[in-house]
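Asks: What follows is each chain in one-letter form.
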Amino acid sequence: MQPTHASRRILLPVRNWFIVLTLFVALLLNLIPFGRLPGIPDWVALVLVFWCVHQPLKVGMAAAFVLGLAMDVADASVMGQHALAYVLLAFAAAGLSRRVLWFPLSQQALQLLPLFLGMQLVMMATRMLSGAEFPGMLWFLSSFTAALLWHPATYLLLIPQFRPEDKDVHRPI
Amino acid sequence: MGRHRAPIFFESTPALMSVVGHAPPPFFKRGPAPLVRLAFFVSLSLILLVADLRFHTLEWARLGVATVAWPLQRITWMPIDAAGDFGGYLTRQSSLLKENEELRRRQLGTANLLLRQQHLEQENKRLRALLDMRARLPVEGRIAEILYAARDPFSRRVIIDKGIQHGISAGQAVVDDIGIIGQVVRVFPLTSEVLLLTDKDQAIPVEVQRNGLRAVLAGAGAGMMELRFLAANADVQAGDILMTSGLDGVYLPGLPVAKVVKIDRDSAYSFARITCAPLAGVERHGLALVLGDRTALPPQPDDAPATLDRPAGGKRAKKKAKP
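If you're matching them up, the sequences are chains A and B in order. Per this note's numbering, the very first residue in the first sequence carries number 71; after that it's consecutive. Per this note's numbering, the very first residue in the second sequence carries number 259; after that it's consecutive.
Careful, some of the hints might be misleading.
As the list claims (entries may be wrong) - Derived DEER-like restraints, expressed as beta-carbon distance ranges:
| id | chain 1 | residue 1 | chain 2 | residue 2 | range |
| --- | --- | --- | --- | --- | --- |
| 1 | B | ASP339 | A | ALA195 | 47 to 55 Å |
| 2 | B | PHE285 | A | ILE80 | 43 to 51 Å |
| 3 | B | ALA535 | A | SER200 | 45 to 53 Å |
| 4 | A | ALA132 | B | SER528 | 48 to 56 Å |
| 5 | A | PRO108 | B | LEU354 | 30 to 38 Å |
| 6 | B | ASP339 | A | PHE210 | 49 to 57 Å |
| 7 | B | HIS424 | A | ILE80 | 56 to 64 Å |
| 8 | A | MET198 | B | ALA327 | 25 to 33 Å |
| 9 | B | GLY544 | A | ALA195 | 30 to 38 Å |
| 10 | A | SER200 | B | GLU360 | 41 to 49 Å |
| 11 | B | ARG364 | A | SER200 | 37 to 45 Å |
If you're looking for bench data, these hints aren't it; they were derived computationally from the structure. Treat the numbers as computed from the prediction; the structure is a model and nothing was measured. Note that CB positions come from ideal geometry on N, CA and C, so glycine has one too.
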């Protein structure tokens, strides 16, 4: 069974420390210096979108802004570049959250792909307006890997909320 | 926004519990509307962008955060370090022997020059004293290891393992065994950022080794550089070696920089398009030498209002060095 709205699986409530922990781990993953290797996904963006879609009341634009500032320092990029992109990403993801969870996971990934691409376009626009060079088309590959990782990430991040399935046919839900 | 319609789902399909949080949406304490929050954070980000890009006022914040995050960053290098160690373990003995041989041969080849350099320097000093010229001060360097390329895909920077603690300051030139790599632009306590020559923001005053023609070399991205503002009939040939002219007060004169690869003389434009490739291993990683600060140039004449008091002069060197 899939962890979507359309499934009959009931999830436990999420724990706040788990959200914080996953975002922190994503930040650490983003700090790994891969250099210019194309196709490395933006882990922070992926986890942020996940929580914005699944817990829009807990994770929103404020968290996105703070994470964006952290990424700006870590990446040696311009202050505000990631912050702007992540804030717009969080807004779009929260707007999408009530609809997208009714689809199967592969279609969810398909709907989230434009969000990741849009985030990269925002970053590119801010930097190229200030005179930076074009990073090449391969840079956009990371959005596609992020969308591909949506399926495993969903299961991974929902593990603490799953509970053992019990097969009681008399229970109403 | 759409999320306040949520309770409809609960009513129409009671069998399907929501996975979007078990708590009901807060009806009374909602805070500002999403659009308002979006506008707030977007404008905050834009303010930061302008403050950093235009006024460069956020360096202190960057320094603070980077210092606090240093241990975390150190942890995240471990997988890359481990991969490097593993790769080194697998290096075959034959290739090591070959490299050793090659290095020894190169050392012998340059030994002749090195042995004579001391003599030449003494002679140079004496001749300069005779001519009553200012003595050229020896510049010391500090060996640093290039740790990794910065993740930012829009600029070409590398991080080296020496920082404020080791006496590195912004504006110093970084060279490898062949020529110039770039310039230190940002210093943290234990690391610093080097802007590579091939970055679009980097400009360096050069002269053609063959005839002493002065020009400005600027990064063109994609590992190449461009010789700018030279007339279409300027005396430059493919294969010419460019070296620093030292006019900017940042780089020492006479360091090899690049080689002219292609010249496109189109009479429709007033300038020739001259593409150059860096001589040093700019995009390669390894050891580098951070040269110490150059001694101050003599004061500029009065008619050119001083642009001299900028320490990180590499970016603005264009204006100063135009012949």
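Asks: Determine which of the earlier numbered hints do not hold for this structure and return their numbers in increasing order.
Replies: 1, 2, 3 and 6
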